[in-house]
Amino acid sequence: MADAVVTPVTEVRRARPKPRSRLRKFFERKSTIAFFMALPLILLIFTLVIYPAFYAIYLTTLNKRMTATAWMKNCTYLPDWICTYIPFGNLQFLLTRETFWMVFWQSCLFAITAVIFKALIGFIVSHLVHNIPAKGQRKWRGMLLVPWVIPAAMSTLAWQWLFDPSYSAFNWILAQFEIERIAWTGVAHWARFSVILVNIWIGAPFFMIMYLAALKSVPDQLYEAAEIDGANWWQRIWFVTLPMMRNIIAITALFSTIVTFANFDIVRVLTAGGPLDKTHLFATWSFRLGIEGGDIPLGATVSLFMVPILAVAAAFILRDITRRGNEA
Amino acid sequence: MTSVTVDKAGPTRATPKYGSIKRDRAWALRWSFVFLTLFAFAFLIPPIYMFITSLKTSAEISAAKNPWWVFNPTLGNYIDLLAAPQYLIFFKNSAIVSVSVVVITMLIAIPAAFALSRMRFWGSATLATGVFLTYLIPETLLFLPLFKMFAVFNELTGIQLLNRWWVLLVVYPTLTVPFATWIMIGYFASIPKELDEAAIIDGASWMQTLVRVFVPVALPGIIAATIFAFTVSWAQFLYPLAFTTSIDQLVLPVGIITTLIKGDVFNWGQIMTGALLGAAPPLIIYAFLMDYYIAGLTAGSTKG
Amino acid sequence: MADVSIRKVFKRYDSVEAVRGIDLEIKDHEFVVLVGPSGCGKSTTLRMIAGLEEITAGEIAIDDIVVNDVPPKDRDIAMVFQNYALYPHMTVAENMSFGLRLKRFPKPEIKARVDEAARILDITELLDRKPKALSGGQRQRVAMGRAIVRHPKVFLFDEPLSNLDAKLRVQMRTEIKRVHQKVKTTTVYVTHDQVEAMTLADRVVVMNHGVIEQVGPPNELYHAPLTKFVAGFIGSPAMNFIPCKLEDAGDGLRVRLTGDYAFPVPQARVARYRPHLASPNLLFGVRPEHVAESRPHAEPGIHPFEVGLDVTEPMGMETLVYFKVNGAEVCGRVSPTAGAADNARMRLAIDMNNMHLIDDATGMVL
Chain X
1 MADAVVTPVT
11 EVRRARPKPR
21 SRLRKFFERK
31 STIAFFMALP
41 LILLIFTLVI
51 YPAFYAIYLT
61 TLNKRMTATA
71 WMKNCTYLPD
81 WICTYIPFGN
91 LQFLLTRETF
101 WMVFWQSCLF
111 AITAVIFKAL
121 IGFIVSHLVH
131 NIPAKGQRKW
141 RGMLLVPWVI
151 PAAMSTLAWQ
161 WLFDPSYSAF
171 NWILAQFEIE
181 RIAWTGVAHW
191 ARFSVILVNI
201 WIGAPFFMIM
211 YLAALKSVPD
221 QLYEAAEIDG
231 ANWWQRIWFV
241 TLPMMRNIIA
251 ITALFSTIVT
261 FANFDIVRVL
271 TAGGPLDKTH
281 LFATWSFRLG
291 IEGGDIPLGA
301 TVSLFMVPIL
311 AVAAAFILRD
321 ITRRGNEA
Chain L
1 MTSVTVDKAG
11 PTRATPKYGS
21 IKRDRAWALR
31 WSFVFLTLFA
41 FAFLIPPIYM
51 FITSLKTSAE
61 ISAAKNPWWV
71 FNPTLGNYID
81 LLAAPQYLIF
91 FKNSAIVSVS
101 VVVITMLIAI
111 PAAFALSRMR
121 FWGSATLATG
131 VFLTYLIPET
141 LLFLPLFKMF
151 AVFNELTGIQ
161 LLNRWWVLLV
171 VYPTLTVPFA
181 TWIMIGYFAS
191 IPKELDEAAI
201 IDGASWMQTL
211 VRVFVPVALP
221 GIIAATIFAF
231 TVSWAQFLYP
241 LAFTTSIDQL
251 VLPVGIITTL
261 IKGDVFNWGQ
271 IMTGALLGAA
281 PPLIIYAFLM
291 DYYIAGLTAG
301 STKG
Chain R
1 MADVSIRKVF
11 KRYDSVEAVR
21 GIDLEIKDHE
31 FVVLVGPSGC
41 GKSTTLRMIA
51 GLEEITAGEI
61 AIDDIVVNDV
71 PPKDRDIAMV
81 FQNYALYPHM
91 TVAENMSFGL
101 RLKRFPKPEI
111 KARVDEAARI
121 LDITELLDRK
131 PKALSGGQRQ
141 RVAMGRAIVR
151 HPKVFLFDEP
161 LSNLDAKLRV
171 QMRTEIKRVH
181 QKVKTTTVYV
191 THDQVEAMTL
201 ADRVVVMNHG
211 VIEQVGPPNE
221 LYHAPLTKFV
231 AGFIGSPAMN
241 FIPCKLEDAG
251 DGLRVRLTGD
261 YAFPVPQARV
271 ARYRPHLASP
281 NLLFGVRPEH
291 VAESRPHAEP
301 GIHPFEVGLD
311 VTEPMGMETL
321 VYFKVNGAEV
331 CGRVSPTAGA
341 ADNARMRLAI
351 DMNNMHLIDD
361 ATGMVL
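Going down the list, the protein sequences come from chains X, L and R.
For the first sequence, the working numbering begins at 1 and goes up steadily by one.
For the second sequence, the working numbering begins at 1 and goes up steadily by one.
For the third sequence, the working numbering begins at 1 and goes up steadily by one.
Treat the hints as calculated values from the structure; they're not laboratory data.
Heads up, some of the hints might be wrong.
Stated by the list, open to error - Computed cross-link-like contacts, SDA-like style, restricted to lysine to any residue with a CA-CA straight-line distance of at most 20 Å:
#: 1; chain 1: X; residue 1: Lys139; chain 2: L; residue 2: Phe33
#: 2; chain 1: X; residue 1: Lys216; chain 2: L; residue 2: Thr298
#: 3; chain 1: L; residue 1: Lys193; chain 2: R; residue 2: Ser38
#: 4; chain 1: R; residue 1: Lys73; chain 2: L; residue 2: Ser205
#: 5; chain 1: X; residue 1: Lys135; chain 2: L; residue 2: Thr157
#: 6; chain 1: X; residue 1: Lys139; chain 2: L; residue 2: Ile45
#: 7; chain 1: R; residue 1: Lys103; chain 2: L; residue 2: Leu195
#: 8; chain 1: X; residue 1: Lys30; chain 2: L; residue 2: Thr126
#: 9; chain 1: X; residue 1: Lys139; chain 2: L; residue 2: Arg30
What the hints assert, rightly or not - Pulled a few chain R residues facing chain L out of the computed Cβ check, cut under 7 Å:
#: 10; residue: Lys73
#: 11; residue: Ala85
#: 12; residue: Leu102
For glycine and all other residues, C-beta sits at the position ideal for the given N, C-alpha and C.
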């Protein structure tokens with residue numbers, strides 16, 4: 001910026017007769033002050049985010065006791081003299097494990113299903129709130145956001161109790177209708193259903209709030225114009241609401257994809273990955289392997305599998321943010 | 001938003017065709033309320049059930065009675081819990097950690113946001129983007145390398161960070177600072193440039209401009225960021241679970257889950273009470289500062 | 001109190017040159033208005049005086065001290081911004097005293113100065129209010145008060161009235177003039193509104209494309225513009241420019257607009273214009289008030305002619321008439337009782353004593 005420009009001025013009649021030292025001038029420069037104001041942030045990001053991220057990559061190359069490199073072995077595609085010098089033994093180990101592929105599949109299923117339903121419910125509920133008179137909206141919005149406000153670990157405990165096999169409040173209701181009780185967290189597909197349900201419950205309010213904000217930013221005249229043009233309510237949603245909200249819908253979904261894909265709390269508290277690892281996600285499985293199993297390199301390798309998907313979502317969000325920044 | 005109410009939609013017209021708009025709207029409104037009630041009920045079941053259970057004795061919980069009703073309400077769970085030194089330690093740890101993290105976050109985020117939005121320096125645009133990207137990195141990606149880093153740090157310096165509650169003061173800012181900085185950049189950007197120029201002409205240094213002009217003017221944003229930092233710190237589960245194990249070092253969420261669940265014995269009355277009390281601080285803040293809370297929530301992706 | 005010298009000042013942003021070498025001496029107590037279209041560099045110049053922009057080349061001196069490297073706070077200037085830039089969280093009194101408090105003035109001194117400024121501006125009863133509770137005009141006064149309490153060497157105004165509605169603008173214009181007469185501080189005032197410039201200034205500086213077109217008292221600029229730009233920019237409605245040819249008419253000269261219209265040049269100017277007899281790109285410039293209804297008795301230099309009007313605009317005290325001559329639209333000002341009507345023919349008279357001849361190739365008034 002402009003501060004870097006040197007001013008080629010004749011040295012006659014300086015404002016301050018006493019010459020300022022170069023060092024002092026450096027410290028008085030705007031950009032210098034700014035740099036020091038941002039320094040704690042820069043240090044924080046470098047030492048506690050960027051460095052650990054690269055450290056994680058290094059960790060994946062180590063063996064369980066972190067004393068030696070985990071070389072690959074017995075590659076089918078490569079001759080041994082190359083294979084045994086590639087330090088991705090952990091990766092090789094994971095890719096040949098059935099559990100890993102199960103976790104991979106579960107993470108995707110969990111994230112995709114949950115995000116779709118959160119978006120759908122959020123969209124519907126935001127419209128319902130938007131429909132009612134303005135003065136009542138605050139109250140409803142306040143109630144509907146409660147699941148998002150309660151710490152996830154705490155509310156998941158409540159769900160765990162609701163799902164309890166023997167004293168389950170849900171099963172009691174089913175029993176009143178003489179329906180057989182369900183092992184909500186005991187059978188693989190019900191357990192998966194349960195963790196997804198809890199995630200939807202926690203996350204849908206966030207979508208609702210975001211969509212509501214977007215709805216409020218659509219000028220009423222657009223709807224009135226559409227109505228005069230003869231659009232029915234469905235056409236108004238399709239041709240007015242959705243295009244106007246497209247940005248927010250996309251960015252909220254991307255945000256949520258990141259958070260959901262990397263989710264830990266719900267599965268950890270509700271099922272701890274069980275039954276038989278059938279609900280593990282990357283995050284919970286890497287915790288199980290890395291902290292509880294004491295194999296930090298293997299756990300780090302598992303968690304790094306989240307990176308590609310997170311990176312894609314982040315890239316899309318960033319593109320959207322910078323594009324809007326340029327428009328402004 | 002028309003404030004059409006049901007009873008006003010009534011008067012019959014000579015030509016029913018023209019009355020239909022009003023009637024349609026009234027019906028739409030009625031259905032909106034019906035479905036909203038259903039959704040609100042579904043959304044509130046878990047906290048309500050927490051509350052119901054917290055009022056029950058163990059005997060009533062294990063009896064095969066209607067679990068949705070309290071037959072013998074009691075405050076016993078609350079009394080037991082609040083008398084247990086353990087639980088109070090968790091609560092105290094949580095409170096100290098959350099409040100300290102809020103202070104640390106603000107001390108880092110506000111000057112940084114000011115520098116990034118107002119002063120510009122070499123690489124500041126990149127840094128702003130970097131801050132946003134950092135906000136997108138989930139804690140589940142970093143807890144293992146951090147765990148190992150702290151272990152190595154202990155070997156090198158003899159300073160033990162693991163299994164100390166204050167390790168959380170080191171790691172929580174990675175979650176709160178990027179977002180707080182990001183929304184503060186948005187708030188500062190909305191302050192007209194003439195305001196800092198006026199301050200500079202009035203003789204304020206950059207620091208004085210920040211403290212005496214920007215901070216007061218951006219107070220709503222600061223409150224939103226504070227709420228965010230507090231709730232994130234209070235609710236964080238993975239880091240304390242991974243980094244702390246001794247009972248006197250635990251924060252509330254981990255404390256409740258690791259100590260109240262003993263083996264296979266679930267004392268659900270106590271667990272629900274603990275969880276409800278643990279959820280109380282964020283809920284109370286939310287109840288009183290809802291507008292700031294929501295402003296912070298939507299600011300992350302709508303501002304910037 | 002001080003004078004301001006601007007010497008060969010340039011301002012370059014990345015690739016754009018906003019200010020291209022301007023020289024200006026502003027004397028003590030003077031009220032100087034920088035005026036020009038948006039993007040002409042007037043605001044940049046003001047901001048360089050204030051110290052908000054760095055000077056790329058050249059120097060600015062306040063009171064004979066070069067201030068190129070002096071931060072704004074040490075330049076002893078005060079500035080009033082277009083959007084007032086009042087601190088929203090401070091009361092009026094706090095807003096006004098902020099600068100003094102930062103400089104750690106003693107409390108009684110601060111109070112005395114604030115009260116004095118409030119009295120000058122007639123805002124004493126507003127001192128405890130927040131800016132949000134003030135009207136546009138009141139905010140403007142507070143912004144001026146903030147400048148006055150500092151007792152600065154120079155007042156800088158950056159389009160201070162453009163956010164006000166038309167009526168209030170006129171009122172505040174008078175107010176600014178009154179305040180200046182009272183405090184007599186050297187003032188540099190930036191505006192794009194030439195009426196503001198004319199009414200307020202001791203001297204007007206017309207800028208265009210980063211250079212100064214002309215400096216002078218308002219009337220000089222109005223009656224003796226040096227360039228086509230100044231001639232067209234100052235005055236409302238703007239001066240008419242009609243393509244013309246200069247013809248030899250014996251001992252005199254004639255300005256020929258079309259085959260039908262040709263008017264003799266006043267004798268006093270013949271010598272001045274004669275060298276341009278063959279110039280191809282001449283423009284004839286005349287202000288609307290010098291195109292009026294024809295009078296019954298002849299006056300020297302005033303020549304009647306007849307045109308078909310296109311449009312008339314009754315303004316109350318006068319009627320503006322528009323017609324076309326040689327492809328250029330011409331505006332004239334006639335008395336409302338002169339009987340001007342749309343699409344009617346009308347007999348007008350042109351006052352050649354106030355004509356201007358412009359070389360369109362160089363943009364200079366001849």
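Here's how the hints hold up against the structure:
1. With a CA separation close to 12 Å, the supplied pair Lys139 (chain X) and Phe33 (chain L) stays within the 20 Å bound.
2. A threshold of 20 Å between alpha carbons decides the hint, and for Lys216 (chain X) with Thr298 (chain L) the separation of about 12 Å falls inside it, so the pair holds.
3. With a C-alpha separation of about 19 Å, the suggested pairing of Lys193 (chain L) with Ser38 (chain R) holds against the 20 Å cut-off.
4. Between Lys73 (chain R) and Ser205 (chain L) the CA atoms are separated by roughly 9 Å; this keeps the pair inside 20 Å, and the hint holds.
5. Between the alpha carbons of Lys135 (chain X) and Thr157 (chain L) the distance comes to roughly 59 Å, so the proposed pair goes past 20 Å and is violated.
6. Distance hint between Lys139 (chain X) and Ile45 (chain L) is fulfilled; the C-alpha atoms sit about 17 Å from each other, no more than 20 Å.
7. Annotation: proposed proximity of Lys103 (chain R) to Leu195 (chain L) holds, straight-line Cα distance about 18 Å (limit 20 Å).
8. Simply put, Lys30 (chain X) and Thr126 (chain L) have alpha-carbon atoms about 18 Å apart, close enough for the 20 Å limit, and the pair holds.
9. Taking the CA atoms of Lys139 (chain X) and Arg30 (chain L), the gap is about 17 Å. The hint holds against a cut of 20 Å.
10. Checking Lys73 (chain R) against chain L by beta carbon gives a least distance of about 4 Å; that is within 7 Å, so the hint holds.
11. Of the supplied interface hints, the one on Ala85 (chain R) holds, with its beta-carbon coming within about 4 Å of a beta-carbon of chain L, less than 7 Å.
12. For the restraint placing Leu102 (chain R) at the interface with chain L, the shortest Cβ-Cβ distance is roughly 5 Å, inside the 7 Å limit, so the hint holds.
Checked against the numbered hints given earlier, this structure breaks only hint 5.
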